[in-house]
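So the sequences go chain by chain: A and B. Mapping to my numbering: the first sequence position 73 is 73, numbers consecutive. Mapping to my numbering: the second sequence position 43 is 1043, numbers consecutive.
One should not assume that every hint holds.
[Claimed, not checked] Footprint (simulated), chain B over chain A, 3 or more residues, beta carbon under 8 Å: (1) 38-50; (2) 90-102.
[Unchecked claim] Below, computed lysine-lysine pairings styled on DSSO-like, alpha-carbon distance capped at 30 Å: (3) K28(A) <-> K1215(B); (4) K1215(B) <-> K1180(B); (5) K1215(B) <-> K101(A); (6) K28(A) <-> K101(A); (7) K1215(B) <-> K1186(B).
Please keep in mind that the hints were generated in silico from the structure rather than gathered at the bench. Every residue gets a Cβ at the ideal spot worked out from N, C-alpha and C, and that includes glycine.
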Amino acid sequence: MSTKAASEEDIEKLDLGESRTEVDRQLKSIIADVLGLDTDQTDLFTADTGLFGHLPELDSMAVAGLLTELEDRLHIVIEDDDIDGEMLETYGGLLTFAETKVIEG
Amino acid sequence: MIGNWPAPLPDGSTSDEMVVKFDSGRSERLLIIPPLFEEANTLRRFTIEVMRRLDESGKDTFLPDLAGLNESLAPLAGQSLSNWQRSVSAAQLQFGATHILGIRSGALLLAPDNANGFVYAPQSGANLLRNMLRARIIASREYGIEETTEQLSEEGRVGGLELAGWAIGSTLFRELETAKFEAREKCIEIEQDRLGGAGLWLRAEPADDDNQSRKLALLIQSEMSIR
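One chain only, chain A, in its complex shape (with noise of 0.2 Å):
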């Protein structure tokens, strides 16, 4: 089983709906602020839009800035090895690694 797979159970099975929407929310505000969209572009944000790679000014010191917004508002704590291209890939990669990080504290 893949540790994506692993995590979505987890949430499931800890039926976080709630935070899982809150998780969704921070994150998509701080994408926002990053790349200086109103939240009604983001909220068209799907598991498969492209960010990382995906977007030339999501350079690494942008995303190296979202993701240490992201420890701010979301009270986690983001490792080096926790950092790789899948993750950043999407936005359905990073809302899943973000909600493994808030269900771990």
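Use these hints to put chain B onto chain A, whose structure you have.
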């Protein structure tokens, strides 16, 4: 509006650096120390916008380049936080500044004996380095190179390190690891939530926000008149 000023160098000589200024010889004169590195670019337009508004309300403002930063031709690798702190004090004298504003990591360059002033959303050196190290780790991974914060930090402390295109010398790296703005009575801390909206330093591309620059200028101008 654009001038030059002699910025001190670590070896005791000076380097001719650029300064953006609104100088009409008025009595209230604000020296602005921009953030270090990338955020200086991201926030430049916002900073100049704040200067324009302060000019309209009768305040002179000065935004000097420090050696190794912005348009400076001096190599960044030879610069240090302590020399930049000396430069800020020299700039204060040079421009006859009555007040000083440190923006984000620019707050790290303010000394306790500087003029009365402000810091806007001060960032610690550790936080600044963390972001830059993370950016480097992300970029390296794209090329299949695995790096860690710990290993890069060790390299930075010993021989300096290039982070997100900035050649940071070992002295500056070590200084940044522990640098932090310490609250002081003569310096008002302005947090982002007082401006409304998210900090513009988060933006992937430089941006401005009329509402935020207006609010920051208003906060500064009202305090400058009474302190």
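Now the hints, each set against the structure:
no., hint, in the structure
1, 38-50, "violated (count 0)"
2, 90-102, "violated (count 0)"
3, K28(A) <-> K1215(B), "holds (26 Å)"
4, K1215(B) <-> K1180(B), "holds (25 Å)"
5, K1215(B) <-> K101(A), "violated (36 Å)"
6, K28(A) <-> K101(A), "holds (16 Å)"
7, K1215(B) <-> K1186(B), "holds (21 Å)"
The structure fails to meet hints 1, 2 and 5 from the earlier list, while all remaining hints are met.
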